[in-house]
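Q: Sequence:
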Amino acid sequence: MTRRMNPSRVCVSVPIGYRSKFLRSALGSLKAQNEYLDVAILDASGDPDVNHHILESGVQTTYHRCAPDGGQSDAIAEGWASSTAPILAWLNADDMLVENCIPTVLAAFDANPSIDLIYGHSTICNDDGVVLGLHSAVRPVSDILYRDNYISQPSCFIRRRALDEIGGIDKNLHFTMDWDLWLRLYDSGHQFLFLDKIFSNVSWAADTKTSQISWKRYREFAAILRRSQGFISVVKGVVSSMRQTRGVYRDQTKWEESLMPLYDGKTSAIVPIINATESVKDTLICKFSRAVEGYDVSSDEGNIEHAGAVLTLNLDIPLKPGQCARIRIKPQNPVDIVTLLEVRWA
Numbered sequence: 004m005t006r007r008m009n010p011s012r013v014c015v016s017v018p019i020g021y022r023s024k025f026l027r028s029a030l031g032s033l034k035a036q037n038e039y040l041d042v043a044i045l046d047a048s049g050d051p052d053v054n055h056h057i058l059e060s061g062v063q064t065t066y067h068r069c070a071p072d073g074g075q076s077d078a079i080a081e082g083w084a085s086s087t088a089p090i091l092a093w094l095n096a097d098d099m100l101v102e103n104c105i106p107t108v109l110a111a112f113d114a115n116p117s118i119d120l121i122y123g124h125s126t127i128c129n130d131d132g133v134v135l136g137l138h139s140a141v142r143p144v145s146d147i148l149y150r151d152n153y154i155s156q157p158s159c160f161i162r163r164r165a166l167d168e169i170g171g172i173d174k175n176l177h178f179t180m181d182w183d184l185w186l187r188l189y190d191s192g193h194q195f196l197f198l199d200k201i202f203s204n205v206s207w208a209a210d211t212k213t214s215q216i217s218w219k220r221y222r223e224f225a226a227i228l229r230r231s232q233g234f235i236s237v238v239k240g241v242v243s244s245m246r247q248t249r250g251v252y253r254d255q256t257k258w259e260e261s262l263m264p265l266y267d268g269k270t271s272a273i274v275p276i277i278n279a280t281e282s283v284k285d286t287l288i289c290k291f292s293r294a295v296e297g298y299d300v301s302s303d304e305g306n307i308e309h310a311g312a313v314l315t316l317n318l319d320i321p322l323k324p325g326q327c328a329r330i331r332i333k334p335q336n337p338v339d340i341v342t343l344l345e346v347r348w349a
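4 is the number of the first residue of the sequence shown in this note's numbering; add one for each residue after it.
Mixed in with the good hints there might be a few duds.
[To be verified] Mimicking SDA-like on lysine to any residue, the simulated pairs with C-alpha atoms at most 20 Å apart in a straight line are: (1) 323 <-> 141; (2) 323 <-> 269; (3) 284 <-> 323; (4) 200 <-> 112; (5) 269 <-> 290; (6) 219 <-> 181; (7) 200 <-> 284; (8) 284 <-> 301; (9) 200 <-> 152; (10) 200 <-> 311; (11) 269 <-> 334; (12) 333 <-> 311; (13) 269 <-> 141.
Don't read these hints as lab results, they were simulated from the structure.
Predicted, not measured: the structure shown is a model, and the values here were computed from it.
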């Protein structure tokens with residue numbers, strides 16, 4: 004389904020190299036806010052099921068190509084070139100955008116005309132779509148960016164004019180194209196804005212690029228570190244990245260120590276949870292660190308039942324893959340801080 008391009012919206016490139024188990028959720032998250040998007044789908048999978056899921060999702064595209072390409076970066080650039088939208092982003096087939104995040108991003112760009120890049124938080128889910136925390140690396144911009152890619156790519160949005168000024172995405176990179184892009188923008192004096200909001204959900208499933216061990220990936224990683232780091236620091240950085248891939252991304256039992264809580268009890272918050280499964284869901288189960296006396300927990304999407312440290316949200320309207328429910332949490336003079344540890348769909 005193709006829609007007319009709207010230059011006042013966001014162009015999202017969606018490179019697809021294989022049939023991810025999260026594809027339906029990724030497409031559903033685009034469908035949920037399609038009116039704000041120019042969606043360019045670049046399908047190099049060669050899998051007829053991928054095209055079937057795209058058509059089934061009802062996502063309206065401004066550009067849709069099914070053919071081999073020069074790799075992920077090449078596909079992203081192709082998608083951006085198909086649109087005139089002034090704000091750009093990309094979404095991999097195993098990640099999802101939080102419903103209604105795009106209006107927030109557009110409003111922030113409108114309110115800050117000197118800002119060139121806006122980014123926020125990402126929730127992290129496992130193979131089963133269980134949300135286990137926030138990406139712990141994400142933080143406000145600083146020179147730490149030279150040694151650590153702390154911007155979560157699916158939660159990042161860029162002005163086209165800024166991208167054009169630095170020559171676009173590097174099509175020769177296949178693993179670190181995002182970090183390279185942030186650094187070139189940062190080095191050229193473009194302005195970044197971090198918003199303390201959740202914009203996406205990222206899967207750390209076993210078949211994602213994040214969890215893959217590839218020497219090409221580490222060569223790219225080392226090349227970026229060499230721009231600003233000495234030899235010893237480069238070696239330490241590469242070794243640290245390899246350990247993280249082996250010891251964290253591939254081992255879910257270690258995720259708790261590498262993620263921030265979904266909610267840490269300090270301030271009131273609205274926590275968006277995406278249906279990162281392949282089926283319609285009507286029940287959301289929230290596990291807290293302890294019973295939540297002294298906290299108001301509610302949702303506009305349904306009724307909540309309390310059972311000690313476990314809360315169950317029964318939705319009024321079942322959610323399709325990629326759609327989002329929101330949990331509102333507000334402390335009332337709590338004696339002990341409560342944290343939201345995980346959320347799963349029943």
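Q: Against this structure, judge whether each hint is valid.
A: Against the structure, the hints come out as follows:
| no. | hint | result |
| --- | --- | --- |
| 1 | 323 <-> 141 | 28 Å, violated |
| 2 | 323 <-> 269 | 32 Å, violated |
| 3 | 284 <-> 323 | 7 Å, holds |
| 4 | 200 <-> 112 | 15 Å, holds |
| 5 | 269 <-> 290 | 17 Å, holds |
| 6 | 219 <-> 181 | 15 Å, holds |
| 7 | 200 <-> 284 | 24 Å, violated |
| 8 | 284 <-> 301 | 18 Å, holds |
| 9 | 200 <-> 152 | 18 Å, holds |
| 10 | 200 <-> 311 | 28 Å, violated |
| 11 | 269 <-> 334 | 8 Å, holds |
| 12 | 333 <-> 311 | 17 Å, holds |
| 13 | 269 <-> 141 | 18 Å, holds |
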